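Asks: For reference, the chains in residue letters:
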Amino acid sequence: MTPRKKKLLIGGLAACLGLAVLLLAGLTSTERENISKPEQLLREILAPLQNGAGVIAGNMHNWGAYLQGVDNIRAENDELKKEISELRLQLVDLAEYQQENERLQELLNSVEDYKSNFEYVTTTVINRAQSSWYKTIVINGGSDDGFAVDMPVVCAQGLVGRIINTSAHTAEVLLITDREGAVSAMVQNSRTVGVVEGDGETSELSMIHVPYDAEIENYQQLVTSGYGGVYPKGLLVGYINSIELKSDGLLLDIAVRSYVDFNRLEEVMVLKPKV
Amino acid sequence: MLNWRRYVTLGVLYLLAFLLQYGVLNNLGWGVFCPQLLIFFPIFGGLLRGSICGVKHGLLCGLLMDLVIGRFVGLNALVWGATGYLLGRLTRNLFKENYLIAIVSVLVAYPVSCLLYALFIGVISGDFFSMTLISRIILGGTLVNCFLAPIIYLPTYKSLSYGWLKALPKQV
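Heads up: the protein sequence lines correspond to chains H and W, in order.
For the first sequence, counting from 1, position 214 maps to 214 in our numbering; every step adds exactly one.
For the second sequence, counting from 1, position 24 maps to 1024 in our numbering; every step adds exactly one.
To be clear, the hints were calculated from the coordinates, so they are not data collected in a lab.
One should not assume that every hint holds.
Stated by the list, open to error - Far from chain H, by Cβ distances over 10 Å, these chain W residues were calculated:
| hint | residue |
| --- | --- |
| 1 | TYR1007 |
| 2 | TYR1014 |
| 3 | LEU1078 |
| 4 | GLU1097 |
| 5 | PRO1111 |
Claimed, not checked - Coverage of chain W stretches by chain H, computed from C-beta distances (three or more under 8 Å per stretch; other residues unrestricted):
| hint | segment |
| --- | --- |
| 6 | 1018-1026 |
| 7 | 1059-1070 |
| 8 | 1135-1141 |
Predicted model only: the values in this text are computed from it and were never measured.
From the three backbone atoms N, C-alpha and C, an ideal C-beta is built for every residue, glycine too.
Input sequences plus hints: build the corresponding full structure.
Replies: Rendered as structure tokens:
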């Protein structure tokens, strides 16, 4: 074979390989119910290590705080934060129930109540991000624990995301701050429905598809609307931080802030449907 | 015997880099400032051993990364393979015994690989990443990886020249 033919052959093979890879990438671009065996194997190998690393990182953080003599203040602060979160959740729940009572008295028995339909399974976060491109976390517990794709994940401060794939002992959660993690939500007071989405860059969220005449104000709470079938109705998403009219004059540009600190998630709860 | 030792050493280095990257570093919450240890294999492979070696390391490292991320499987392998190849071709006639070449290689290769990755994802999915995100990832990653480059380059160069990674000459 002449060198020129050899070069052509190699070039052709490389082009075919490139196309095949692009095809494979295209096929795996969307969420998959089942990840492949090699992927599962890698995750199972990494899970204990990630778990250990998380514990070490947490301990180092605590040790540093101890050296600075602020451990007690931190504990107190954590306790207060926890209390605030719990109270905030209670407030949201109460407001939600009040609204439901006012508007749906006659349908009260058939109102969807996610708390009675789901059981909360508490688990720990073992890895925060597999890549800078995506906003995901890996949690301890997978298909062996009954976790499945599309199960909602929450923490004490509100909605975190949903499971996008599982291995036997781990599950990957797509955060609502990811650009593909949009949530159908509504303003708790006015029941105005919109879509809350992240920009994939920061932890900031925005609510889109809200008409200019919607009756909404700053600091109103947003809860999941229950549309779309993934998230049950009434999960706390965040609060309205600012409202601006878009340049087209028809829709509002609403900045939303979540109560969840997505960079410091340690424990989360998976909402597992009751059988 | 020498080549076996080389392969075992490479295998151990791969394992260490992989476990350190996905078991520890990614878990520290450094965001875009998290180092990318695996990318040094195709970059330094292409730089010190030529384009074919760069491709091999790029494909392997990229595939490992793809399997962990679980989205757009094969894309990192393709991009890193291409990066390793291009770097090997472009640096063929350059003087390698210098720290600066390692830094410049990372300075060029990392942003190029990120841009290619973002571009391919946009083309495949029809949903392009924002330029803010791309620039944040490129700036953060380039900064950290350029800092690490000379630290990793010296032992790699020494080992490739007269250490455990030195290849056995081909027998005629």
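Asks: Decide, hint by hint, whether the structure agrees.
Replies: Going through the hints against the structure:
1. Distance check on TYR1007/W: its Cβ is at least 21 Å (rounded) from any Cβ of chain H, clearing the 10 Å threshold; non-interface status holds.
2. Taking the minimum C-beta to C-beta distance to chain H, about 13 Å, the non-interface status of TYR1014/W holds against the 10 Å cut.
3. With a least CB separation of 5 Å from chain H, LEU1078/W falls inside the 10 Å interface cut-off, contrary to its annotation.
4. For GLU1097/W, the shortest C-beta to C-beta distance to chain H comes to about 31 Å, beyond the 10 Å cut-off, and the non-interface label holds.
5. No Cβ of chain H approaches the Cβ of PRO1111/W within 10 Å, the least distance being about 13 Å, so the stated non-interface status holds.
6. By the rule of at least three residues with a Cβ nearer than 8 Å to a Cβ of chain H, the coverage given for the segment 1018-1026 of chain W holds, with 5 such residues.
7. Counting residues of the segment 1059-1070 of chain W whose CB lies closer than 8 Å to any CB of chain H gives 6, which reaches the minimum of 3, so the coverage claim holds.
8. For a cut-off of 8 Å, the count of residues in the segment 1135-1141 of chain W with a CB near a CB of chain H stands at 4, and the three-residue condition holds.
The structure does not agree with numbered hint 3 stated previously, though it agrees with all others.
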